Amino acid sequence: MVDLSVDLGGGHRLPNPLMTASGCAANGRELHRFFDVADLGAFVTKSVMADPRSGRGTPRMAETPSGMLNSIGLQGPGIEAFVDEDLPWLQSVGARVLPSIAGSSSTEYAHVAATLRASRAFDAVIGVEVNISCPNVANRGLVFACDPLASAKVIALVREQLPRDIPVFAKLSPDVTDITAIAAACVKAGADGLTMINTLLGMVIDTDRMRPQLGGVTGGLSGPGIRPVAVRAIWQVRQAMFEGRIRTVPIIGVGGVRTGRDALELVAAGASAIQVGTAVFNDPSAPVRVLRELCELLDAKGFERFTDAVAVAHGR
Amino acid sequence: MSERQLRARVTQVVAEVIATRRVGAYQHLTLVAPGVAELARPGQFVALAVGGETSGTLLRRSFSIHKVSPSGTYGGTVEIVVSAVGTGTRWIVDRAPHDTIDVVGPLGKAFPLPTDPVACVLVGGGYGSAPLFWLAAELRERGCHVEMVLGAASEDRLFGVVEARRSCDGVTVTTDDGSAGQQGWVSDPLPEIIERTKAGVVYGCGPMGMLESITRVAQAHGAVAQVAVEESMACGVGVCMTCVMPVVGADGRTRMARSCVEGPVFRGDRVRWDSFDGGHARVPDDAVGAPKVGGH
Chain A
1 MVDLSVDLGG GHRLPNPLMT ASGCAANGRE LHRFFDVADL GAFVTKSVMA
51 DPRSGRGTPR MAETPSGMLN SIGLQGPGIE AFVDEDLPWL QSVGARVLPS
101 IAGSSSTEYA HVAATLRASR AFDAVIGVEV NISCPNVANR GLVFACDPLA
151 SAKVIALVRE QLPRDIPVFA KLSPDVTDIT AIAAACVKAG ADGLTMINTL
201 LGMVIDTDRM RPQLGGVTGG LSGPGIRPVA VRAIWQVRQA MFEGRIRTVP
251 IIGVGGVRTG RDALELVAAG ASAIQVGTAV FNDPSAPVRV LRELCELLDA
301 KGFERFTDAV AVAHGR
Chain B
1 MSERQLRARV TQVVAEVIAT RRVGAYQHLT LVAPGVAELA RPGQFVALAV
51 GGETSGTLLR RSFSIHKVSP SGTYGGTVEI VVSAVGTGTR WIVDRAPHDT
101 IDVVGPLGKA FPLPTDPVAC VLVGGGYGSA PLFWLAAELR ERGCHVEMVL
151 GAASEDRLFG VVEARRSCDG VTVTTDDGSA GQQGWVSDPL PEIIERTKAG
201 VVYGCGPMGM LESITRVAQA HGAVAQVAVE ESMACGVGVC MTCVMPVVGA
251 DGRTRMARSC VEGPVFRGDR VRWDSFDGGH ARVPDDAVGA PKVGGH
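Protein sequence lines correspond, in order, to chains A and B. Quick note on my numbering: the first sequence kicks off at 1 and runs consecutively. Quick note on my numbering: the second sequence kicks off at 1 and runs consecutively.
Quick caveat, the hints were computed from the structure, so don't treat them as lab data. Remember, it's a predicted structure, so these values are computed and weren't measured experimentally.
Estimated spans, in silico, between C-beta atoms of each pair: (1) A:M210 to B:G170: 39 to 49 Å; (2) B:G249 to A:K301: 49 to 59 Å; (3) A:K301 to B:S71: 42 to 52 Å; (4) A:S285 to B:T73: 22 to 32 Å; (5) A:S285 to B:G249: 27 to 37 Å; (6) A:S285 to B:Q183: 44 to 54 Å; (7) A:G302 to B:I18: 42 to 52 Å; (8) A:M210 to B:D274: 23 to 33 Å; (9) A:A138 to B:R253: 28 to 38 Å; (10) B:D269 to A:R305: 53 to 63 Å; (11) A:G244 to B:V93: 52 to 62 Å; (12) B:G249 to A:G244: 54 to 64 Å; (13) B:V162 to A:P88: 49 to 59 Å.
Just so you have them, the derived chain A footprint on chain B, three or more residues with Cβ under 8 Å: (14) 57-65; (15) 232-238; (16) 251-263; (17) 278-289.
Just a few of them, taken from the derived set where beta-carbon distance is under 8 Å, the chain A residues facing chain B: (18) R53; (19) S66; (20) G215; (21) G223; (22) T278.
A virtual CB, placed ideally from N, CA and C, is assigned to each residue, including glycine.
Let's have the full structure, built from the sequences with the hints guiding it.
In structure tokens:
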């Protein structure tokens, strides 16, 4: 039997490296009908902001080859409702939770993190993922993740709000010229880990109506079609860590994982944990299926520990 | 079925197609889907995966359940009616007997049934009528007088006229082109039927424009409309947040509600029809968390 456990920082040893991906699993109740969310290494919640948000109008979705485009607009109940209802529920079923937080200003991120820390179910939290792919109101809507200084400021402020044993993960966008520069800025600002990658910005035109298909015009591209981009991004950042350009921190790999083989690909590129996102829309039990397949694959390849496979493709 | 699935009242099964036949412009499929049939109620739907485990068409296609037979010869069966309009639905209608399809269901909220035996009018647009025959049978079991209005653009796009005559106390057919029944829309004969039968509830299933008009007619004639909406869904299980529409909650406030878990059946007067326009649904300014000036 392969030892699947992994430590992503803060002394929280996770029983396995499989997670949901933010925005692809709601806040747990829906998928708990299909599998026990406590069987995951961690449950990653939908990005939560300070106030309730309606999200955008519809259509919010367009199917693409091996994937989809979405433009939800961070619909959510706001951090108060999240800590009053969603987080206690996840705690009650024994889930380890990696909440994803978002904001339209660095102070909003800090406020959300502080509210989370002060909440009664905070014990269930094993880390915080910071979704920095949000428009920065103070910088004409440029997303934080495209600007190393803005990213660093958010991470530093969130880091200040949380206890040392709660690792902070910066979720990076692949839509940048050099992802290692953003990764370096986030780690330097105090990120204890990185989540890679968020969706790629895309657009679909409805040729019947000859207009953008999404109500929000552009959207985030996800699904198996983007997996090579995730592998490349993880590889480049892990390479920069090997070269000493970035302090070595755990990478949570996400992007187009549908099978155990896909997960292993991201792991070999340098990921210490894996999130399954869009594949859940195709198969609601995908996260636990991918875990089972990954375990079988590691076993067949003779790995005794999952961690032995992390970044194994480098230098081969 | 596991204990979890029983509690959750939903299951995921690899279903075998045991029958498939052409009905007018549509394809009628019978699937062996143990677990789904036993749990389902009229108005609920199933979400079908397209093209197998390695398919590049990732998103599920949702269909309202036409009929269930919990204890058939082959185990529980579920029947659906499919209109082939795109790559996903074309793949589904091309399945032959003994092919398999991954099915998740039953999903969504069912049609609420009246506690008293009030008269009901069931209105179906095109193959939107699919779940109504099953609903009609349940209503008549409760002693309700049931009439049905079936409408479509043309005769080949009507679904279930013969079955309607069998399962209801009265049937009215309308077509846009007059190729069957009376020429016009389903909303045309509706006022007379509601008044004559003193109907308390109008159930509707079909395109959004039709649901809006039957809601308006029902309200004007003192009946409650219960409508099953059609919205494109990526997952069908409540996690993707794509199938939302503005709906007024019990607290009087409008929220972008998921039609897959909070619907697909909504009380017609709770849907913000004023927000729909040419395939778009915008967020009403008074919705909870609506974008402030400058947008999201």
